[in-house]
Each structure stands twice: as structure tokens, then as C-alpha cells.
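Given only the sequences and the hints, what does the whole structure look like? Please build it.
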Amino acid sequence: MWTLVRKDLILDRRQVALNFVLYLVMGPVFLSLMSETPVKLIAAWAAIVGTMIPLSLLAREDKFHSARLTCSLPVTRDTVVASRFAGGWILALSGGLAIVAAIYGAHQAGLGNPVGEWSQALLVGFVTIGLILAVLFPFTMRFGFAGLIGFLVFTQVLGIVAFLSVVLVGGQGAVGAAIGGVAGALGALQGSFGPVGYDLFLLAAVVALNVASFLASRWIYRRREF
Amino acid sequence: MSENALEIRGLCKGYPGFALKDVSFAIPRGYVMGLIGPNGAGKTTIVKLIMNLVSRGAGEVEIFGLDSLEHEAEVKSRIGFVYDEACFPLDATPRDLGRAIGPFYPGWSNERYRGLLGEFDLPESGKLKKLSHGMQMKLALALALSHDADLILMDEPTAGLDLGFRRELLDHLSAILQDEGKSVLFSTHVTSDLERIADFVTFINDGELVFTLPKDELRDEWGIVKGNGSLPEQLAGLPIRGVRRGPYGVEALVADAAAARERCGKDVVVDRATLDDVMVFMTRGENDVDAR
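In the order they appear, the protein sequences are chains A and B. When we follow this note's numbering, the leftmost residue of the first sequence carries the number 8, and every step to the right adds one. When we follow this note's numbering, the leftmost residue of the second sequence carries the number 17, and every step to the right adds one.
Hint data in this document are derived by calculation from the structure and do not stem from the laboratory. Computed from a prediction, not measured in an experiment: that's the story for all the values here. One or more of the hints may lead you astray.
[To be verified] Ranges of calculated distance between the beta carbons of each label pair, as one might list FRET restraints: (1) A:216 <-> B:35: 38 to 48 Å; (2) B:33 <-> A:162: 27 to 37 Å; (3) A:108 <-> B:178: 48 to 58 Å; (4) A:8 <-> B:31: 50 to 60 Å; (5) B:73 <-> A:173: 46 to 56 Å; (6) A:9 <-> B:148: 27 to 37 Å.
[To be verified] With a Cα cut of at most 25 Å, we get these calculated BS3-like pairs of lysine-lysine: (7) A:70 <-> B:242; (8) B:242 <-> B:282; (9) B:143 <-> A:70; (10) B:37 <-> A:70.
Where is the CB? At the ideal position from N, CA and C, for every residue including glycine.
Below is the structure:
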């Protein structure tokens with residue numbers, strides 16, 4: 008598995024380096040644009056941007072048809088999927104942490120005004136990365152970069168449907184109830200578990216979601232044809 | 017220990033509008049097999065099935081006696097695979113590819129890889145996008161030959177190459193193969209590529225196996241018989257594989273040229289059949305004649 012991760016890092020290193028340089032510049036710019044920035048927001052943003060690194064490599068794979076190269080190597084499809092998860096997490100976490108570090112450094116140099124506890128921000132970042140990767144990986148395993156685009160289009164369509172339901176048929180009650188329901192459930196969990204228990208619950212949920220996503224991705228990738 | 021480098025039994029695969037039907041053949045260790053057939057016959061599908069790049073409908077693939085699905089990583093480590101088109105990141109260099117791919121193979125030799133790059137006039141540090149299609153195919157061949165693979169699989173490696181480049185690539189290949197006694201499956205629709213290097217020929221048409229034979233048997237026993245309009249009747253009972261009618265007479269591909277010569281005497285001309293002839297007669301001729 009690590010040989011595959013190493014292969015991807017060697018062959019995609021220019022793209023990865025370019026992303027890192029771009030993000031290290033973007034972080035302080037993001038900070039300078041806001042007067043008071045909650046660190047949780049910074050972490051969520053950094054996590055989203057960080058996950059774009061492994062996801063952007065999918066576009067290269069589609070462009071160069073290099074999945075055929077990977078699947079002709081002496082490895083099983085399951086190992087390929089495991090390497091995608093491992094490499095994806097490593098790149099997303101290091102990308103997100105690099106952005107947070109750049110923002111922190113910029114703040115130490117007198118730029119912007121982040122507010123909140125950084126330890127909480129790390130949890131938010133970890134959970135955000137975990138959610139994005141767990142949801143997107145099965146799509147990308149089946150459809151490559153087109154799967155990512157397809158998912159994003161689907162969420163856009165979902166947003167438009169929600170918007171139209173509010174505007175045309177007065178569905179704000181239903182949309183509001185759905186969002187309120189999720190927020191209420193999370194609040195109830197926080198109340199019953201306590202702050203530490205709730206954090207542990209979130210971490211466990213993200214891990215469980217990623218395990219489920221990994222198993223689904225494996226099932227899907229075993230059937231993919233090149 | 018299996019005597020065959022590759023053995024395929026009852027391989028099937030369905031696509032909308034095309035099906036590979038019950039294909040079986042074997043390559044003995046140390047021999048070169050040409051897999052021929054017109055475009056769309058199913059050659060690439062067979063190669064992809066061997067490499068598990070597509071899922072099987074039915075059938076078995078054994079490589080050195082091991083099932084290619086059950087022992088996927090193990091058998092692939094013994095295969096050198098040359099694709100019909102390069103599938104490398106074009107901003108990488110040959111050196112990057114060697115560093116990235118070498119560690120997957122226990123038998124990988126950097127020295128050999130560098131040697132082959134030099135032999136093929138490939139720059140170690142030039143980006144792949146600056147290489148022509150032919151150079152990229154040479155690179156794929158260098159990668160396939162650098163880990164001491166026992167079985168080389170090549171899917172249309174000469175497609176799209178000009179004659180000079182093709183000959184150069186084949187010269188390199190045949191020199192290497194003669195020296196090292198590798199087993200090879202060489203899929204191509206350019207049959208002249210195989211005249212020099214193949215020991216066996218397997219012919220696929222429309223997803224079905226037409227024949228799998230030693231090339232010498234084709235060369236020595238098969239022939240093109242040229243005669244007049246009554247030729248099919250003259251050859252009745254002989255193994256006719258295809259008939260073509262033209263403005264100057266009739267030609268028939270027969271699997272027993274000596275018998276045809278004996279039967280028809282001076283009434284006909286009998287020429288040796290090339291692989292091109294075989295493919296043309298069996299795909300475009302009237303090949304539903306008797307005595308198949």
C-alpha cells in the first residue's frame with residue numbers, strides 16, 4: 008500500500024507542490040479579508056481546501072488514464088483502494104495543517120484576528136476532512152473525477168430544489184425543520200455525552216463513516232473496468 | 017510446475033454489441049504467441065482480462081499455473097505489460113517512472129532500466145510529453161523488460177508507429193527475446209510484425225477463437241491456391257479456410273497446400289500463405305465453404 012502512495016507522490020509531486028504553494032498564500036489572504044475570524048471557520052475552510060489536493064489528483068488520473076497503469080501493477084484492487092484512503096488522508100491533513108500553520112504564522116506576524124480555541128478547531132478540521140473524503144471516495148472510485156463533479160452537481164441541484172421549494176410552495180418549514188432536526192439531535196447528543204464525550208463521539212462517527220466508505224469503495228473498485 | 021506460461025480456458029466477456037465467446041489457448045513457457053485479428057475482434061479484451069483490468073464473464077486464466085484472480089499480485093509481478101497506449105503522467109520523466117514503478121517488482125534492476133533507456137535513445141530526465149508516441153511505446157517496453165518478467169504481454173505495441181520505428185522496436189524486442197527465452201503474448205493487427213518473432217499464432221475474429229496453431233504449421237502447410245471459377249469444386253473435400261473471387265479468377269486459402277497441389281496439378285498456382293493472407297481470407301473472404 009505504501010509503495011502505491013509513494014508512486015503517486017513521485018508522479019504527482021509537481022501538482023501537490025503547486026497546491027501547497029497556492030494554499031500557503033491563500034491562507035493569510037483569507038485571514039486578512041476578515042476582521043474577526045472564528046478559528047473553527049478557519050479550520051473548516053482549511054480542511055475543505057486540503058481535501059482538494061487528493062481530489063485534484065483524480066483529474067490527472069483521468070487525463071492520463073493512469074488508473075490502468077496502477078491496476079496493472081502487482082497489487083490487488085483492495086490495496087489500491089487502501090492506498091487511496093491512506094494517501095487521501097495524508098494529503099488532506101497535511102494540506103489543511105499547512106494552511107492553518109500559515110494562518111497562525113500570519114496572525115503571529117500581526118495579520119487578522121482569529122478568535123476561539125485552536126484545539127477545537129483541529130477537531131472541526133478533522134471531522135470536515137473525514138466527512139468529505141468518506142462521502143466522495145465511493146463516487147470517485149466508480150467514476151473518477153467525473154464522480155466528484157457529478158456529486159457537486161447533485162448537491163447544487165439539491166440546493167436549487169430546496170430553494171425552489173421554499174420560494175414556490177412555501178417549504179421553508181420542511182427545510183428549516185430538517186436543518187433544525189439535525190442541529191437539535193447534535194445538541195441533544197452534546198448534552199447527554201458532555202463536551203469530551205461529544206468530541207469522542209464525533210471522532211468515532213467519522214472513523215465509522217470512513218470504514219463504511221472504505222468497504223463500499225472496495226466493493227465498487229473491484230468491479231471497475233479500465 | 018505448469019508447462020504453460022499462460023493458459024486461458026473458456027474465457028467469456030460481454031459488452032453491449034460485442035461478446036468474447038469461450039476463448040481457450042495456451043502459451044508454452046519460452047515461446048512467443050501472436051494474437052491476431054481485425055480491429056474490434058476482441059484482442060484487447062483478452063489482454064485486459066488476463067491483466068484483470070476488466071471483470072470476467074466466465075472462464076479461467078492461469079499464469080505459470082496460478083489463477084490470475086486468486087494470486088493477482090504474485091502473477092502480475094511476473095508479467096511485463098506494454099499497453100496499447102501510454103498511460104503515464106506526461107509531466108513525469110522516465111527517471112520518475114523508474115523510481116515510482118521499480119519498487120513494486122522484486123526483480124527490478126535500475127541498471128537494466130537505465131541500459132534500456134540508453135539503448136532506446138530515451139532521455140532519463142526529459143518530460144514524457146516531449147516524447148513521440150513511438151518513444152513512449154519504447155519507454156513502456158523498457159519498463160516491462162526491467163524487472164526480469166517471465167511473461168511479456170503486449171497489446172498492439174506497434175499501432176500508430178511508422179514502418180522504420182516499428183522495425184527498430186521489433187529488432188530490439190526480438191534480440192532481447194532470443195537472448196532470454198521469455199514467454200510473450202503479442203497482440204497486433206499488423207501481422208507482418210509477427211512473421212519474424214512468433215512461434216504460435218492465435219486468431220480471433222468477432223470475439224471467437226478461429227484457430228491457435230504453431231506458426232510453422234501455417235507457413236509450411238497452409239497456402240493460397242489460385243485458379244479459375246471452378247476452383248472451389250476442384251478443392252472439394254480439402255480444408256478450405258476462405259475463398260475470394262476477383263476479375264482474374266478465384267483464390268482459396270487451404271490448410272493443406274500439398275494436397276491441393278497434388279489434387280489440381282498444373283491447373284492452379286499454389287503460393288505460401290502469409291499471416292496477412294490468412295487474416296484477409298478468414299475475415300473478408302467467403303469463409304463459409306465446406307470442410308472447415
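Verification of the hints:
Checking the proposed 38 to 48 Å range against residue 216 of chain A and residue 35 of chain B shows it holds: the Cβ atoms sit about 40 Å from each other. Between residue 33 of chain B and residue 162 of chain A the CB atoms are about 35 Å apart, so this pair conforms to the stated range of 27 to 37 Å. About 53 Å separates the C-beta atoms of residue 108 of chain A and residue 178 of chain B, a value consistent with the hinted range of 48 to 58 Å. As the Cβ distance of residue 8 of chain A to residue 31 of chain B is approximately 32 Å, the hint placing it in 50 to 60 Å is violated.
For the pair residue 73 of chain B and residue 173 of chain A, the supplied restraint of 46 to 56 Å holds, since their beta-carbon distance comes to about 49 Å. The hint said 27 to 37 Å for the Cβ distance between residue 9 of chain A and residue 148 of chain B, and at roughly 34 Å that hint holds. Straight-line distance between C-alpha atoms of residue 70 of chain A and residue 242 of chain B comes to about 51 Å, which puts the hinted pair past the 25 Å bound. Between residue 242 of chain B and residue 282 of chain B, the direct Cα distance comes to roughly 11 Å. Compliance with the 25 Å bound is thereby established for this hinted pair.
Taken as a hint, the residue 143 of chain B and residue 70 of chain A pair is honoured in the structure, with Cα atoms around 16 Å apart against an allowance of 25 Å. For the suggested pair residue 37 of chain B and residue 70 of chain A, the alpha carbons sit about 32 Å apart, so the restraint of at most 25 Å is broken.
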